[in-house]
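Engineer: So you can see what is in the structure, the chains are spelled out below.
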Amino acid sequence: MPLDFDQILKDCIAAAKKELGAGWNDAAPFAEQKFKQYLEDMADLNKLRADGTIDEDEFKYRADLHKSSMQSVLLAVKGIGLIAAQNIINAVLGIVGKAIGAVLIGV
Amino acid sequence: MKKLLSFALLLSIACFSNCKVTIITGYDQTLDETVTQMQKDFNLHFIKLQRALLTQDGNHDQAYANFQDYYDHLDANIISVTTRSSFISKKTGTTVKSLAGNLIKALQDFESKHKSAENVFNDRTNDDRHGLQDAINTHFDSLILLEEKLKASGKAK
Chain D
475 MPLDFDQILK DCIAAAKKEL GAGWNDAAPF AEQKFKQYLE DMADLNKLRA
525 DGTIDEDEFK YRADLHKSSM QSVLLAVKGI GLIAAQNIIN AVLGIVGKAI
575 GAVLIGV
Chain H
12 MKKLLSFALL LSIACFSNCK VTIITGYDQT LDETVTQMQK DFNLHFIKLQ
62 RALLTQDGNH DQAYANFQDY YDHLDANIIS VTTRSSFISK KTGTTVKSLA
112 GNLIKALQDF ESKHKSAENV FNDRTNDDRH GLQDAINTHF DSLILLEEKL
162 KASGKAK
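So the sequence lines, in the order shown, correspond to chains D and H. All letters in the first sequence, in the order written, are residues 475 to 581 by my numbering. All letters in the second sequence, in the order written, are residues 12 to 168 by my numbering.
To be clear, the hints were calculated from the coordinates, so they are not data collected in a lab. C-beta atoms are modelled at their ideal positions from N, C-alpha and C, and glycine is treated no differently. Treat the hints with care, as some may be off.
[Said to hold, decoys possible] Some, not all, of what chain H presents toward chain D, calculated at C-beta under 10 Å:
hint, residue
1, Lys31
2, Thr41
3, Ala76
4, Ala87
5, Ile89
6, Ile90
7, Thr94
8, Arg95
9, Val107
10, Lys116
11, Ala128
12, Gly142
13, Leu143
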């Protein structure tokens with residue numbers, strides 16, 4: 475059965491979006507482009523293996539390289555999510571600080 | 012007593028106004044600039060290597076020795092990236108450190124495969140090996156993007 479790459483791409487994006495939450499908007503264009511590229515490259519690689527152009531050792535090296543590159547994408551996405559969370563927390567702290575300050579000055 | 016209370020209140024205001032929560036760090040200008048230059052160098056190298064891989068000449072023109080100059084620069088830059096990433100916080104900079112480590116490993120493996128003339132560097136007209144370039148660029152892009160976001164986050168404060 476052929477792989478439905480469009481569906482896999484949608485599933486990857488949905489999973490990343492769910493995990494990332496607030497930071498998704500910042501990371502979305504990068505992550506979507508890299509997921510798509512990964513799936514296309516893996517499809518090409520599978521064809522090369524199927525038609526005998528490359529052997530198992532070469533397939534393994536190239537597939538592992540793609541896999542580790544996706545780990546880097548997910549790390550970057552996670553980092554962007556942490557920056558978003560950090561910005562939200564600090565913005566909230568700033569607002570609370572100003573509000574308390576205004577009340578105390580009023581006292 | 013009134014003075015003490017006022018001091019405590021002022022201290023609370025100062026803390027809420029100025030205290031920043033730090034979850035992630037790792038922006039380093041030298042690291043950012045070095046990695047950006049390394050990506051340009053890698054792509055120039057790959058274009059030349061790809062041309063050699065597509066030429067049917069008995070794996071002659073893609074010999075590691077013909078690209079020694081690039082790999083010498085690469086190894087020097089890897090030392091620089093390793094050093095700069097060692098300066099980043101072990102507590103809040105782990106994401107950047109991991110990205111730098113992944114990039115270094117990918118580049119070292121690539122060089123090692125080229126040096127030992129493995130099959131992946133054989134002449135082949137039906138495989139331009141663009142996937143190798145894509146994957147290594149993805150490592151670069153991931154680290155550079157996070158550095159950009161960290162830099163922007165620092166500026167916004």
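Engineer: Hints first: check each against the structure and report whether it holds.
Structural biologist: To see whether the hints hold, each was checked on the structure:
no., hint, verdict
1, Lys31, "5 Å, holds"
2, Thr41, "19 Å, violated"
3, Ala76, "22 Å, violated"
4, Ala87, "22 Å, violated"
5, Ile89, "16 Å, violated"
6, Ile90, "21 Å, violated"
7, Thr94, "20 Å, violated"
8, Arg95, "17 Å, violated"
9, Val107, "7 Å, holds"
10, Lys116, "7 Å, holds"
11, Ala128, "13 Å, violated"
12, Gly142, "4 Å, holds"
13, Leu143, "7 Å, holds"
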